[in-house]
Amino acid sequence: MRILNSTPATIKGMPSPRRVLWVMGVVVLLLSGARAQSPTAGEYQLKAAFLFNFAKFVEWPPSSFSDASAPLRICVLGQDPFGEELRNITKDKTVNGHKLEVSQVLDLQVARTCHILFIASSETARLKQILESLRGADALTVGDTKGFVEQGGMINFVLENNRVQFEVNRKAAEQCGLKISSKLLSVAKLVVG
Amino acid sequence: MCGRLPTDFLEIPWRPTLARRRGGSQSVVRWFAILVLSASAASQQTTKDLSDASLEELSNIQVYSASKHMQSASEAPASVTVVTADEIQKYGYRNLADILRSVPGFYVTYDRDYTFVGVRGFGRLGDWNSRILVLIDGHRINNNVLGQAMIGNEFLVDVDMIERVEIVRGPSSSLYGANAFLAVINVITRTTKQVKDWELSYQTGSFGTNEGRATYGHQFRDLGVLLSGTFYDSQGQTLFFPEFNTPANNNGITSDTDYESYKHILATLTFHGFTLQGLFSTREKIVPTAYFGAVFNDPADLNIDSHQFVNLGYQHSVGKWQLDAHTGYDQARLQGPVPEAPLMPGDPVVLNTFSFRGNWWTGEVKVSRDLFEGNRLTLGSEVRDNLRQDQGELLNPPNVFSPELNRSLITAFYAQDEFAITHRFTLNAGVRYDHYSTFGGTTNPRLALIYRAAGQTTLKMLYGNAFSAPDVYQTSPNFGTFYDDNPKLQPEHIQSLEGRVEQGLGQHFQLSSGVYHNQIDDLISLVSIAADQNFQYQNDGSAQATGMDVELSGRASNGLQGKASFDYVHAYNDTAAHPTLDNSPGPMAKLNVIIPLVDQWLFAGVEGQFLGRRLTLLPGSVGSYQVFNLTLLGHTVGKHLDVAGSVFNVLDKKYFDPGRPEDPENAIQQDGRSLRIKITGRF
Numbered sequence: 588m589r590i591l592n593s594t595p596a597t598i599k600g601m602p603s604p605r606r607v608l609w610v611m612g613v614v615v616l617l618l619s620g621a622r623a624q625s626p627t628a629g630e631y632q633l634k635a636a637f638l639f640n641f642a643k644f645v646e647w648p649p650s651s652f653s654d655a656s657a658p659l660r661i662c663v664l665g666q667d668p669f670g671e672e673l674r675n676i677t678k679d680k681t682v683n684g685h686k687l688e689v690s691q692v693l694d695l696q697v698a699r700t701c702h703i704l705f706i707a708s709s710e711t712a713r714l715k716q717i718l719e720s721l722r723g724a725d726a727l728t729v730g731d732t733k734g735f736v737e738q739g740g741m742i743n744f745v746l747e748n749n750r751v752q753f754e755v756n757r758k759a760a761e762q763c764g765l766k767i768s769s770k771l772l773s774v775a776k777l778v779v780g
Numbered sequence: 035m036c037g038r039l040p041t042d043f044l045e046i047p048w049r050p051t052l053a054r055r056r057g058g059s060q061s062v063v064r065w066f067a068i069l070v071l072s073a074s075a076a077s078q079q080t081t082k083d084l085s086d087a088s089l090e091e092l093s094n095i096q097v098y099s100a101s102k103h104m105q106s107a108s109e110a111p112a113s114v115t116v117v118t119a120d121e122i123q124k125y126g127y128r129n130l131a132d133i134l135r136s137v138p139g140f141y142v143t144y145d146r147d148y149t150f151v152g153v154r155g156f157g158r159l160g161d162w163n164s165r166i167l168v169l170i171d172g173h174r175i176n177n178n179v180l181g182q183a184m185i186g187n188e189f190l191v192d193v194d195m196i197e198r199v200e201i202v203r204g205p206s207s208s209l210y211g212a213n214a215f216l217a218v219i220n221v222i223t224r225t226t227k228q229v230k231d232w233e234l235s236y237q238t239g240s241f242g243t244n245e246g247r248a249t250y251g252h253q254f255r256d257l258g259v260l261l262s263g264t265f266y267d268s269q270g271q272t273l274f275f276p277e278f279n280t281p282a283n284n285n286g287i288t289s290d291t292d293y294e295s296y297k298h299i300l301a302t303l304t305f306h307g308f309t310l311q312g313l314f315s316t317r318e319k320i321v322p323t324a325y326f327g328a329v330f331n332d333p334a335d336l337n338i339d340s341h342q343f344v345n346l347g348y349q350h351s352v353g354k355w356q357l358d359a360h361t362g363y364d365q366a367r368l369q370g371p372v373p374e375a376p377l378m379p380g381d382p383v384v385l386n387t388f389s390f391r392g393n394w395w396t397g398e399v400k401v402s403r404d405l406f407e408g409n410r411l412t413l414g415s416e417v418r419d420n421l422r423q424d425q426g427e428l429l430n431p432p433n434v435f436s437p438e439l440n441r442s443l444i445t446a447f448y449a450q451d452e453f454a455i456t457h458r459f460t461l462n463a464g465v466r467y468d469h470y471s472t473f474g475g476t477t478n479p480r481l482a483l484i485y486r487a488a489g490q491t492t493l494k495m496l497y498g499n500a501f502s503a504p505d506v507y508q509t510s511p512n513f514g515t516f517y518d519d520n521p522k523l524q525p526e527h528i529q530s531l532e533g534r535v536e537q538g539l540g541q542h543f544q545l546s547s548g549v550y551h552n553q554i555d556d557l558i559s560l561v562s563i564a565a566d567q568n569f570q571y572q573n574d575g576s577a578q579a580t581g582m583d584v585e586l587s588g589r590a591s592n593g594l595q596g597k598a599s600f601d602y603v604h605a606y607n608d609t610a611a612h613p614t615l616d617n618s619p620g621p622m623a624k625l626n627v628i629i630p631l632v633d634q635w636l637f638a639g640v641e642g643q644f645l646g647r648r649l650t651l652l653p654g655s656v657g658s659y660q661v662f663n664l665t666l667l668g669h670t671v672g673k674h675l676d677v678a679g680s681v682f683n684v685l686d687k688k689y690f691d692p693g694r695p696e697d698p699e700n701a702i703q704q705d706g707r708s709l710r711i712k713i714t715g716r717f
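Just so you know, the sequences run in chain order A and B. Residue 588 is where the first sequence starts when you use the numbering used here, and the numbers rise one by one after that. Residue 35 is where the second sequence starts when you use the numbering used here, and the numbers rise one by one after that.
Chain B on its own, in the form it takes in the complex (with noise of 0.2 Å):
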């Protein structure tokens, strides 16, 4: 019967109904409540069953492992959070973006294009998520043209390759570098150890999307190889924006124009400390909001951005010197082509393509020794070389591709040192210098201190700066006539400073929170000037913002775990007009639960987040908002076959996130309930 699952499964007819059902929100709750009840009933069976097998068959039983990721986090030198490859499967995660939401302090932003990513009150509308920076294994990726890090559908890896996220906030230039400045994320993709042979995987939801995965993973003796490839089709929702809700643009309404499909390989071959990475990814996507004043409803407005990279890694320790060494070479491509109307009215459409090719190499050697007992000395060096930051406009006519053309170095020599002073007290003083071939140098400083009180409290006092440099698309902006160069752009700094209390409760419950506060400098806006009626992008502003958050997390060594946050955030700017941040979430929530419906085998994932009212670009607001999500997880067949069934926004919940500077509205409608079926085998 088992065997049949998946087929009778997708027989089923996935007929459309456009017309919302009343009281479907009721029927979600009733059929949850009975789908519990049913669970908990055949939970008491599955002890029993334990009870009665016989020595032999207990000791043939594999063991589902605990993480152990609590404790490690509570001695980093920073507000830790970790996100395991468990969590991603039992609350149903799509993306890094929905991995995100789920962590204190981190709220994200959709405008039916990319996916951005806000930190503590601060998510500037009209940046490129060049504030974190994002690693693959350690690999940075954020490209080299506009500092943009991928965290929605167009991040670089299939969210079920992820090992574990390891979200590090404040800033760690000290140890990164560029990017560093409100967050680390950092993505382990699985190993071999974590793939036995072929896992194949496929799902289909809302919204005409389906979704393909093969993996293959094997140890032959000292060479492990793993292979995995993606494929993601979606051919998005018919939506209205009240902004063009004129006859002339269809009313407002605009269909097949949020179509979006990638594509992602990964290669992963590890021979004793070499690890070899081979990563290759693209995705399309149409952009249904008109931006930069592209004709309503044209199916051409679209975005195909493409990354590839390889990596080489090596690790091994002689003796108290442990050396860690990669090198890899990156490639990342955009073409945007924008469907403009004619000055006369009657002559054709014209498509202006913005493109930009960034490739770089990067090289890091970094070496750690312990000096004498309970001190870690590391010190490291890193070179990024950038081939090639050419960006620029393909105009129709004349259809001839003129890039402008640039290139940079940067070189970095890094130091951190780890002295546990007494067996309570740990000392965490980093500090690296940059240097730029464009703006010069600059040095940031980390300083932690940690001390263990007695009993489970873990205290915790962290200064860092860091810094943002200026991308290409600020000092030389080529995407239309209307900006200026500034050669002279320097880097945006970063203070922070923050407190934080980590404490046991028991062995069952883990207590932390923090204050905090930022203070952002040289900040990277467009200025209009006067003499030229131009644009041009100038350090002008500063923000601050002073913030709070506590956060309870339980787990149960039955299965049951969860976490329930809240975090209040002050951002301003008080030398402007308006002080509040736009983009801004004062309080946010978020609440965790993994339920073990039947031991071990049938898990519910619930979440709900619940966000502050926001300021947009234009003078008003986004509504405060709350969202649920459900994920129904059955391992089966031995836990060779794993079917997945997850509703989004469970409530239907109407909500909107503020428009970016390019797009015409001021807020953009998100997702109602959408639902998702997934279906993994492993053989």
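Looking at chain A on its own, in the form it has when it is part of the complex (with noise of 0.2 Å):
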């Protein structure tokens, strides 16, 4: 061991920083090319993915858009769960000539114009009180609450085993004239009414 300056406590063995933080940077190129083959996501970056499933898998009565490029209005009412994660993955897209439009709304009359109300789970308390007032109204309600779909929501996320699955009140929907495809329902964990 040889020692090549006076500093006390010369350190040994230690690899260029250079180097190794080059070795990183290729350890970055070479996990950029494994990403696609990552099956994990946050829960809520899956569950806007799913929002946005929903909005190609539904059908509204042609009333609900005031024209035929109106947009369609994703709302979150209560805490958003979401971030940027929402407005993320339904950025530029559009679904049957519809732009999607996410907003977060406060006001249950506001509610009542959403195509689609994901009801956080902040509500929870006043849950019956606002599937109540939105009674009429023709806005998938997709809530993030146990016991969502036997209140009388329309779609409700469950985790299970670490996956996000989703239950269906095929009743409450129609009631309010929405068309859940096939597909959708055939996806869905759980499918009552």
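For the record, the hints were derived by calculation from the structure and aren't laboratory data. There could be a bad hint or two in this list.
FRET-style restraints, in silico, Cβ to Cβ [to be verified]:
1. A/746 with B/86: 19 to 25 Å
2. A/709 with B/441: 55 to 61 Å
3. B/263 with A/761: 45 to 51 Å
4. B/90 with A/761: 20 to 26 Å
5. A/719 with B/598: 42 to 48 Å
6. B/491 with A/683: 45 to 51 Å
7. B/447 with A/746: 41 to 47 Å
8. B/255 with A/772: 20 to 26 Å
9. B/533 with A/683: 58 to 64 Å
Residues from chain B that face chain A, not an exhaustive set, calculated with beta carbons under 10 Å [as the list claims (entries may be wrong)]:
10. 537
11. 540
12. 594
Ideal Cβ placement from N, Cα and C applies to all residues, glycine included.
Could you use the hints to bring the two separately framed chains together as a complex?
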């Protein structure tokens, strides 16, 4: 062991930082290649992707759009768990000619004008009241709470084996004139009504 | 391509370069910028991929769950920090000390032998971590001779086997008895829920360091089995100590005296309410500081610690009753040979070995019950039988180990009541009585008022007492002939008063701030006795500390999370000539950020720590410092393979910790920049 400088505690066996960072860079590039195979995602990143799919596999009555190019509105009621995920995933996307528009709503009257209404788990306590006040609106209600479809909600997210699954209350949707495609029903974990 | 990744990676020659490159830190910054840019470009790609996925694909993707500890911490009757397995991995923590360094109120001192922790301005040089209580899954691991809790590489569990660490500041003797003086650190290990079948891990790093771990976990119907073994080996550094800069001492340069190795085995069986845990840990460290007057640059100067325990726990609830019981048996050993210079020049070096042998048995039963709506009562009793607390020196010659034998019995009773007086107002009161066969009894209460104001505000008022029992090495020291026994030694006492505010700021941020005052009395200190020119441990001296802390933590749904904290504490002894305590940094600041570079599979963990100037034992001080650490972690092959690269002390800051009374050095230099690469596979 040679000591080349007089600094106390001279470091032994240390690879040069440049070399190691170069190695890290290579690792980053290699990992980039592996990205597509990664079957894991953030919970709300996944739920955002599901909401986008609900827009594709649910048919709204024509009256719910003012014209053929009117946007399809996805709303979040309560504490927004998505961060930017929902906006990222719906950005520049269209479904049947309708642009997707994401907004946070506070007012239940405004919520009636949404096509998809995600009701966050922060609203669990007043869920009954919310569903009550939406009666007659043609919003697809999507919940994040146990017992949501039993209380009259239309689609509910559940976590099972660390995977996002959903339950569907077909009757509740049909009562509001929404048609849920058989494709969506076949993937649902549970269909009631 | 991914399958070949690890081997390609390791075949890169690790040629040691001794001369430090100029502009090293510049290239660090440049490379980091490139990594961030390339990674964030790829990040947008991932979100798009998810929107293209079919419904079936989406329903087969696994979810990372977010931890929910933040809420529970604000309900606790104390200032609590929780560090999770996820943070341990993403910040590249190497041991428990790394975790504690990152936490408000805590700082760490390393003398290149053991690692010591200071809490809220109190980290007296010469202590053995006996003023903090460290638990592994609720089982106390402070040994029964020095009261020592191991926190550095000598800690008993591989940091990768930790599920979370709960750090509770302030006195908690009302629940835990001795050692719960400044803080309680409960290390919760992983179970078969978190380990699925095989996990293999390998790491290599600076200073000739290698570590390997193999873990197996499986749930066989009702029986959960988890087995893990770790081996670590580090050649260490060549060090320079200016105190020994003479030709006779190799000009203060010492090599091959910083070696360290450890082995851990952890086995946990769970069956219905039963948990059977066995742990084996041994660690060997060569001591380069020539402490206790040892010969300098002699690799025979080392410490071999070992600790084993077996613990059986049982949890059961019937109706409103909850039963918690455990019993365990521990064995702790130390062998510390010290090569001493011969009295006559030309004679051979003499090897004297200090050794202790501690065995103890513990049993504890705790029942709790909801007395009525919003009122929960807990009653408990604990027995600790110190079967063996032997310490002594093996003098060479005559090569005979003649330990001083000790044993003692501790019995304790405690009660705690948590009473939600209104939906906003909770009272938490507890008291514990401990009886020691050595010094008698001590009673320690705790009182906490928690008020949940409107909005996201929680106010806490906390008062507590605690004690630290005199340890065997203090009542009957047996390391040399210069010490007198003191069987009348009494415990140290602390009284603490703290006020805290915890404020949620929207859904992403949390602010926590507190002020506190600690009063410590009957400090056990080494006093010189005029009559026989010897030393004796006596209850002599007191200390006060007044401080504040503030921490902002935040978490976004895309995985971006972080915390920043600032602490200031003034710790002093107003009866002493030099009132400010040694090894007590006034200000401390910490910064921790996890940045998701590419959604859910590439993360950067960035840490910064600032510590103020600290006084040393001899007149003088070690300067303030700031240290930054960086870890890049990639999950790949569907989370089956993790690759992590860490740079510790990125800016290569030269900094020192104060030396201890046994060290000839007043200040001991700490590690400069070092690197680590770690690969973990799961299958």
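Given a hinted range of 20 to 26 Å, is it respected by the beta-carbon distance of residue 255 of chain B and residue 772 of chain A? Given about 35 Å between the Cβ atoms, the range is violated.
Status of the residue 540 of chain B interface restraint (C-beta, 10 Å, chain A): holds, 9 Å
State, for the Cβ atoms of residue 719 of chain A and residue 598 of chain B, whether the hinted interval 42 to 48 Å holds or is violated. holds, 44 Å
CB-CB spacing for residue 86 of chain B and residue 746 of chain A relative to the 19 to 25 Å hint: The hinted range 19 to 25 Å holds for residue 746 of chain A and residue 86 of chain B, with Cβ atoms some 23 Å apart.
Is it true that residue 90 of chain B and residue 761 of chain A lie within 20 to 26 Å of each other by Cβ? holds, 24 Å
Honestly, do residue 709 of chain A and residue 441 of chain B meet the 55 to 61 Å range at C-beta? Given about 57 Å between the Cβ atoms, the range holds.
Chain A contact restraint for residue 594 of chain B - C-beta distance below 10 Å: holds, 9 Å
Whether the CB-CB distance between residue 491 of chain B and residue 683 of chain A falls inside 45 to 51 Å: holds, 47 Å
Should the hint that residue 537 of chain B touches chain A count as held when the rule is a Cβ pair under 10 Å? violated, 17 Å
Verdict for residue 533 of chain B, residue 683 of chain A (Cβ pair) under range 58 to 64 Å: holds, 59 Å
Determine whether the Cβ-Cβ distance between residue 447 of chain B and residue 746 of chain A falls within the hinted range of 41 to 47 Å. 43 Å Cβ-Cβ, so the 41 to 47 Å window holds.
Measuring from beta carbon to beta carbon, are residue 263 of chain B and residue 761 of chain A in 45 to 51 Å? For residue 263 of chain B and residue 761 of chain A the Cβ distance comes to about 59 Å; the hint is violated.
Of the numbered hints given earlier, the model fails hints 3, 8, 10; all others are met.
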